[in-house]
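Let the hints inform the model, and build the full structure from the sequences given.
Chains as they are written, first to last, in UniProt numbering: chain P, 1 to 341; chain A, 1 to 765.
To be clear, the hints were calculated from the coordinates, so they are not data collected in a lab. Fair warning: this is a prediction, and the values are worked out from it, not measured in the lab. Built from N, CA and C at the ideal position, the CB exists for glycine as well. Treat each hint with caution, since some may be false.
[As the list claims (entries may be wrong)] Not close to chain P: a few residues of chain A, all C-beta gaps over 10 Å, as computed: (1) Asn-35; (2) Arg-61; (3) Lys-134; (4) Glu-174; (5) Gly-306; (6) Leu-359.
[Unchecked claim] Lysine to any residue pairs mimicking SDA-like chemistry, simulated, CA-CA at most 20 Å apart: (7) A/Lys-78 with P/Leu-132; (8) A/Lys-78 with P/Ser-303; (9) P/Lys-154 with A/Glu-30; (10) P/Lys-318 with P/Ala-331.
[Claimed, not checked] Not the full set, but computed from the structure, chain A residues with beta-carbon under 7 Å of chain P: (11) Ser-38; (12) Leu-43; (13) Glu-45; (14) Asp-55; (15) Leu-93; (16) His-94; (17) Gln-313; (18) Leu-316; (19) Gln-320.
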Amino acid sequence: MGSSAKKKREKKSDFKKTKLKVGKARPKNTNATDTSFAAKSIVLKQQSLSESGRDPSTIFNHNLSLLASKADTQRRDALAWLTNAITAMNAAALPQPPSAILLKAQPLILDGTASVRSQLLKLLRILPVDQLGPLDQVLLYTRAGMSHLSTDIKLSSLDILDWLIEAQPESIVSCAGGWVKTLETFETLLSWNGAKGTTGSLTGDGKWSATKPTVSLGSSKLLVHQLNTLTAFLNAGLVRPERDDNLLAIQAAECWPLWHHQAHLMPTKSNPYGYLNLCGKKRDTESDMYEDPEERQEAFITSGMCRAFVQGVTEAKKEGGEVGRAAAGVAKALQLVVDVG
Amino acid sequence: MKRKLGALEKVDADLPNLQHKLKIDPRSYEQDFVNQYSQYRSLKELFLQSPTTTDDSGIVRLRDLVDFVSHTADCYPKLTTAFPLDLVELLDLHHATLDPELRDKLVGALVLLRRKETIDSVQLLDTLWPLLLKTPSKNLRALLFQKILSDLRTSNQKATNHKLNRHIQSKCFELIVSDPTSAKGLWAVKLTRELWKRQIWSDAKAVSVMKEAALSQDAKVVTGGVRFFLGGDQEREEAAAEEDTDDEGNIDMGKLRHQAGINKKTGKRANELRTAAAKVKRKEKKKNSPHQLNFSALHLLHDPQGFAEELFQRHLQPAQPKVRLVLEQKLLVLQLVSRLVGLHKLTLEPLYSYFIKFLTPKQPSVTSFLASLAQSAHSLVPPDILEPLVVKIANEFVSEASAGEVASAGLNSIREICARQSLAMSDTLLQDLVQYRKSKDKGVQMAARGLLSLYREVGADLLRKRDRGRDAAMGLRIGEKQTARFGEVGIGEIEGLELLEKWKEEQGIDSEADEEAGWNNWDAESDSDDDGEGWINVESDGEEIDISDSEDEREKKAKAAAKAEPTFEAQQSAGNTPAATTPASSRATASLEPEAALKREESRISRLATTRILTPADLAKLNELRSTAAVTAALPATKRRKLLAAQTAAASSRHADDPLTAAQISGLSAHSYKATRQEKIAMAKEGSREEGGNDHRSTTARRKEKKESEGKSTSNKEKERKKNFLMTLGKAKRKGKRSLTQERAILKGHVERRKRGGKRGNKGQ
Chain P
1 MGSSAKKKRE
11 KKSDFKKTKL
21 KVGKARPKNT
31 NATDTSFAAK
41 SIVLKQQSLS
51 ESGRDPSTIF
61 NHNLSLLASK
71 ADTQRRDALA
81 WLTNAITAMN
91 AAALPQPPSA
101 ILLKAQPLIL
111 DGTASVRSQL
121 LKLLRILPVD
131 QLGPLDQVLL
141 YTRAGMSHLS
151 TDIKLSSLDI
161 LDWLIEAQPE
171 SIVSCAGGWV
181 KTLETFETLL
191 SWNGAKGTTG
201 SLTGDGKWSA
211 TKPTVSLGSS
221 KLLVHQLNTL
231 TAFLNAGLVR
241 PERDDNLLAI
251 QAAECWPLWH
261 HQAHLMPTKS
271 NPYGYLNLCG
281 KKRDTESDMY
291 EDPEERQEAF
301 ITSGMCRAFV
311 QGVTEAKKEG
321 GEVGRAAAGV
331 AKALQLVVDV
341 G
Chain A
1 MKRKLGALEK
11 VDADLPNLQH
21 KLKIDPRSYE
31 QDFVNQYSQY
41 RSLKELFLQS
51 PTTTDDSGIV
61 RLRDLVDFVS
71 HTADCYPKLT
81 TAFPLDLVEL
91 LDLHHATLDP
101 ELRDKLVGAL
111 VLLRRKETID
121 SVQLLDTLWP
131 LLLKTPSKNL
141 RALLFQKILS
151 DLRTSNQKAT
161 NHKLNRHIQS
171 KCFELIVSDP
181 TSAKGLWAVK
191 LTRELWKRQI
201 WSDAKAVSVM
211 KEAALSQDAK
221 VVTGGVRFFL
231 GGDQEREEAA
241 AEEDTDDEGN
251 IDMGKLRHQA
261 GINKKTGKRA
271 NELRTAAAKV
281 KRKEKKKNSP
291 HQLNFSALHL
301 LHDPQGFAEE
311 LFQRHLQPAQ
321 PKVRLVLEQK
331 LLVLQLVSRL
341 VGLHKLTLEP
351 LYSYFIKFLT
361 PKQPSVTSFL
371 ASLAQSAHSL
381 VPPDILEPLV
391 VKIANEFVSE
401 ASAGEVASAG
411 LNSIREICAR
421 QSLAMSDTLL
431 QDLVQYRKSK
441 DKGVQMAARG
451 LLSLYREVGA
461 DLLRKRDRGR
471 DAAMGLRIGE
481 KQTARFGEVG
491 IGEIEGLELL
501 EKWKEEQGID
511 SEADEEAGWN
521 NWDAESDSDD
531 DGEGWINVES
541 DGEEIDISDS
551 EDEREKKAKA
561 AAKAEPTFEA
571 QQSAGNTPAA
581 TTPASSRATA
591 SLEPEAALKR
601 EESRISRLAT
611 TRILTPADLA
621 KLNELRSTAA
631 VTAALPATKR
641 RKLLAAQTAA
651 ASSRHADDPL
661 TAAQISGLSA
671 HSYKATRQEK
681 IAMAKEGSRE
691 EGGNDHRSTT
701 ARRKEKKESE
711 GKSTSNKEKE
721 RKKNFLMTLG
731 KAKRKGKRSL
741 TQERAILKGH
751 VERRKRGGKR
761 GNKGQ
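Next comes the structure, spelled out in structure tokens:
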């Protein structure tokens, strides 16, 4: 009796419905397909991968266009390919002029991926220095990078600025906005703008000022780098290129009967009477061009930044260590102005 | 240490986080803000150097930074003085080429700055308004319009911002006036209409903007302006009514309190209840506050005569038309002109001769022309101008040979014209037309009867003797009824005043002493009402949640409200009726009495109305007397007369502001032919949408829907009937096998439950 009931139950169990319970998940169907896998790769069966048949300049252009790609690996690879290609070819045979390459590559200064930025620096370093074209856009990107939120981008854009100063010191400091705006960026980065208000710890409106924000707890790597780059920048902007007396003598001898003939020639500078500002609109001191070291000095002093920098440097020197040493370098560069002023 | 550092920096690197921290402590994060601001500036400069070729990532970054700065700019007002100007400049110069998302972000940022009071409304709207007119992008226009509208609404929310309104109104005005030929004026029309609808702009200046629009030289702008005058006020009323019903249906305070008593008490629920109570209180306050007096746009016009003349000359009868209007648009303009003429009783003689050439049955949408003509007739139009028109209508439309609907449209329009100027009719023509009441066609019949009853009222001597009817004939004989002469104005009186007078006489109340008492008595009554029951106090402190709101208290409220109601109605009717009195009702009682009594009565009425001010008590009594008089009038002997009176009352009480439509002209003839399938479907659909219409459903279905809409559940019977068959099976099986003791227990339990009132009992209710 019992066994037969058991058997009956077993037989019936195949046709029984599973009970659904309120609030519980529905049991899976027996014929359900598991879709929880993820594809590791997608294989395209037909894709032409042969690059051999194509013209090298086409490939070059293709890689140049890949710099604006969405995938960071692709950007990095394109940069690496370009680096190799440029080192292999000589500068005259490049399919695109270096200025065009620079134009395409400069947005990558603000790229989020570290490997792309480092590869970019490698590419820039091998570009021929004398054919870079106008540099104010690169400088804009660099300044944006220097004030970026992420410390990594800050560091790498300081590297770019180092390269720029090394490559074309004259044009960097004399291009539009290149001098004052870059200095202002440094000022805000180093938070040396305390001198503009009152020197004490009270701000202009009589409230307690904020404590100086400590950039990246513990490590002073960024600060040291900033100070070093600033030193280089100040030197580039303030030091007058050495005059070769011999050369001058030779030049004078060549056009002997003439004396002081430069004064009567067409001016070599653009807009020589610009400082008079006869018919222009109100001067925008920030984005102006300062072509002479004297002009730059004056702008540096009149904008009040000189005082702020001197004060900041003395503060920074007190920190000692690596920072102190770097600050001493800045102080030395500042000495150029202070001596004159 | 190093791992932690990494994590911290990662957190630092996103803007929303920084934004949050900035808002908490702006002073400490000033340096970070300065960094981001300079970042924004360099990105903006990069963008400005090549606005069209900047890559996606640059634009995204710029957008993020704009968002960030606009959210935090109010913390550093000194540092960001240039920021709004930057945004304005960006939008101004590059709106056509900007990336759409960045563009919308810029607009949003400006609006945000306005909300944070960094810039003021005038500045914002001065930026957005020209942009709205300039931009070729449809999306941007929609966005800008919406932003402008919402900004105007918010700045008018607490109090009317007259300065801003005036500024924007003059901008709209200038837009239309400076270039009347451009279609850009449509934006001014749209904005004004929208704000009029929401009762934000309800002054004469807004109306003058629309007036200029109606007189402009672009067809779209013209129709926009004209449509505003024809439908703007109605739209406003509808919007207001919708708002009212929307709000009222929402909160049932009693239910909420009940729920709060039962449900678990949490802070959130308590808060919800409190906010609901506050909302109810606010609404109550709003309801009790004096209703905002809104003049219709047609009444706010500065110079209606000039406006009507100019509209007519520019758009309807121009020597050289500056704007080409299609027939439909012309009809709209004509409708407006005729409404202006009818409403303000203007004199515009060329208008009537203009109508003549359109008065043929072949003319498309001729009923609209007829309606306009009737609308433009009023008591100050010389009858000899209207008479040829009436004759023409009679000749063209009304004949035995013409179709039923044509004839009825003609008759209806003649009736409408004559209702406004009864002198436009000659006796021979009238007697001819009245004969059509014997027509086979129902529509024509009714129209002719309408004309007949109208002339029994206003000019019975034009009718043939046997058509005059008893009342009119008697009236003529005793000399009470005389045709009004041209330009004659009737005297206003209060309906049912003679009843009050008679009642006073019967009661023997001296008018002098009574007047004082009436006021006193009324005041005392209302005061005692308040003190005794104190229901106003309960309602007035809505902040405090009173859960123990018992049943009887609510009842008291209802009673008090019911008491208050009649007085309100009385005042209302007293305020409304003097202009639109019905001589019919006074005559209804008077005609039964001898002539001398009638004279006496009339003199007394005038004395009462002119010698004293009716107290609230008087008005309440008046209302009561009037309703009892209505009940006696419902007796079968007076039924016919009552019907007649109601008809004339309806005709005369049609508000002067209401337009006359083509549908009214075509009248019953609309139903005289067999409807097509589409029309039947349309009618059925309309009926189901309307309340009380025949929606072709069973009574049960309708009842059920009503119950459901009231939020009531089904009855137990219904539930029993609907219960799933399989669920009842088990019980039915067991039911037969119960033992006697089980049966007894069950029966006992049932009785017990009945006594208690359900399983849980009715205690909670």
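Next item on the list: Taking the numbered hints from earlier one at a time, note which ones the structure violates and give those numbers from smallest to largest.
Entry: Going through the list in order, the structure violates hints 1, 2, 7, 15, 16, 17, 18, 19 and respects the others.
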